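Going line by line, the protein sequences match chains A and B.
Using the working numbering, the first residue of the first sequence is number 11, and each one after it goes up by one.
Using the working numbering, the first residue of the second sequence is number 35, and each one after it goes up by one.
Wrong hints could be hidden among the right ones.
[To be verified] Heads up, simulated DMTMM-like pairs for lysine to aspartate or glutamate below, C-alpha to C-alpha not over 25 angstroms straight-line:
1) A:Lys-33 - A:Glu-109
2) A:Lys-33 - A:Asp-61
3) A:Lys-33 - A:Glu-44
4) A:Lys-33 - A:Glu-50
5) A:Lys-33 - A:Asp-20
6) A:Lys-33 - B:Glu-108
7) A:Lys-33 - B:Glu-40
8) A:Lys-33 - B:Asp-73
9) A:Lys-33 - A:Asp-57
If you are wondering where the hints come from, they were derived from the structure by calculation, not from laboratory data.
Note that the structure is a prediction, hence the values are computed from the model and not measured.
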Amino acid sequence: MAFNVLVVDDSAVMRQMVVRTLKMSGVPLGTILEASNGEEGLFILQDQWVDLLMLDVNMPVMNGEEMLRRIRANPESESLPVIIVSTEGSETRLSALQEMGASIVRKPFAPETLRDVILRVTGVSDAEYYGTVPVSSDDSDF
Amino acid sequence: MPNTTEQCLSRVTTATFEELALLFPETQLTDEQAAAPLDVAVLVNFRGPEPGRLLLRASEQILPIIAANMLGAEQSGATPLQRDALGELANVICGNVLPAIFGADAIFHLDAPRLIEPGYMPVRDDDRPAARAMFGVENGRTEALLFLFGNAPARSRPVPPPAA
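Model the full assembly from the supplied sequences, consistent with the hints where possible.
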């Protein structure tokens with residue numbers, strides 16, 4: 011299965027960094043879509059099938075918290091896996107986002123950190139990511 | 035001496051450069067680094083319990099390195115993108131230094147980073163940075179300045195130690 015991913019962030023640089031990390035993550039990717047705020051992201055979700063949403067919090071027009079609230083209120087997208095990628099430092103706001111079922115990755119992030127969360131959220135197994143480990147046919151007793 | 039605003043800014047700036055730009059800022063500048071001009075600057079204004087702004091200045095010659103490390107060599111050639119990369123560093127520094135100073139329950143609203151003219155410093159009658167951190171980076175340098183416009187004496191405010 012290939013994952014269609016929507017990256018919503020008002021920073022073009024951060025969108026590129028997230029896309030770059032996605033491509034290095036080993037997750038099988040389909041289409042990668044981008045939006046610069048929550049409203050643009052919701053428009054894309056109306057027209058395109060998305061398997062994973064990477065979402066910033068502080069954005070103009072519509073912030074990530076509001077976008078996530080609307081996604082959860084829509085039966086068609088209520089179970090969409092969401093990873094928040096943000097500098098947001100307020101525990102109050104982060105708790106509210108987690109209660110809406112989002113995973114959190116704080117900026118600055120090491121690419122491996124983001125990759126690990128992507129693998130966990132998408133359910134891509136270690137075997138799929140690392141490949142199967144050959145087992146020797148050693149019959150010795152233990 | 036307890037953690038100060040200055041130590042927070044220094045720690046957060048170092049961590050942000052290391053993790054996002056894969057660069058290791060040095061507190062002891064070489065002669066070459068010390069002589070490099072700070073000719074590019076980005077500004078992030080914020081509102082919250084104390085309004086203020088974060089200014090990040092850098093030597094132009096380190097921008098291609100920052101952009102290449104953040105975006106990959108094939109994406110980093112354009113000057114606007116290099117300056118956007120510096121803006122993203124400023125945004126992340128600002129977003130992390132404020133909860134480090136004011137606590138994790140404080141809610142701040144950050145404006146988008148914007149490039150400012152060379153030589154420009156924010157102008158207010160009482161403008162003096164609450165904290166300043168200067169580092170050598172590759173063959174240039176970078177400087178982060180935090181301005182707080184509240185009444186509290188930010189420089190001596192104790193802050194919690196970093197999470198283990």
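Checked hints:
1. A:Lys-33 - A:Glu-109: violated (28 angstroms)
2. A:Lys-33 - A:Asp-61: Cα-Cα ~15 angstroms, so holds.
3. A:Lys-33 - A:Glu-44: holds (14 angstroms)
4. A:Lys-33 - A:Glu-50: Cα-Cα ~23 angstroms, so holds.
5. A:Lys-33 - A:Asp-20: This hinted pair holds, its Cα atoms lying about 20 angstroms apart.
6. A:Lys-33 - B:Glu-108: Cα-Cα ~15 angstroms, so holds.
7. A:Lys-33 - B:Glu-40: It is violated: about 37 angstroms lies between the C-alpha atoms, which goes past 25 angstroms.
8. A:Lys-33 - B:Asp-73: violated (34 angstroms)
9. A:Lys-33 - A:Asp-57: Distance of about 23 angstroms is within 25 angstroms: holds.
Taken one by one, the earlier hints fail for this structure at numbers 1, 7 and 8, listed in ascending order.
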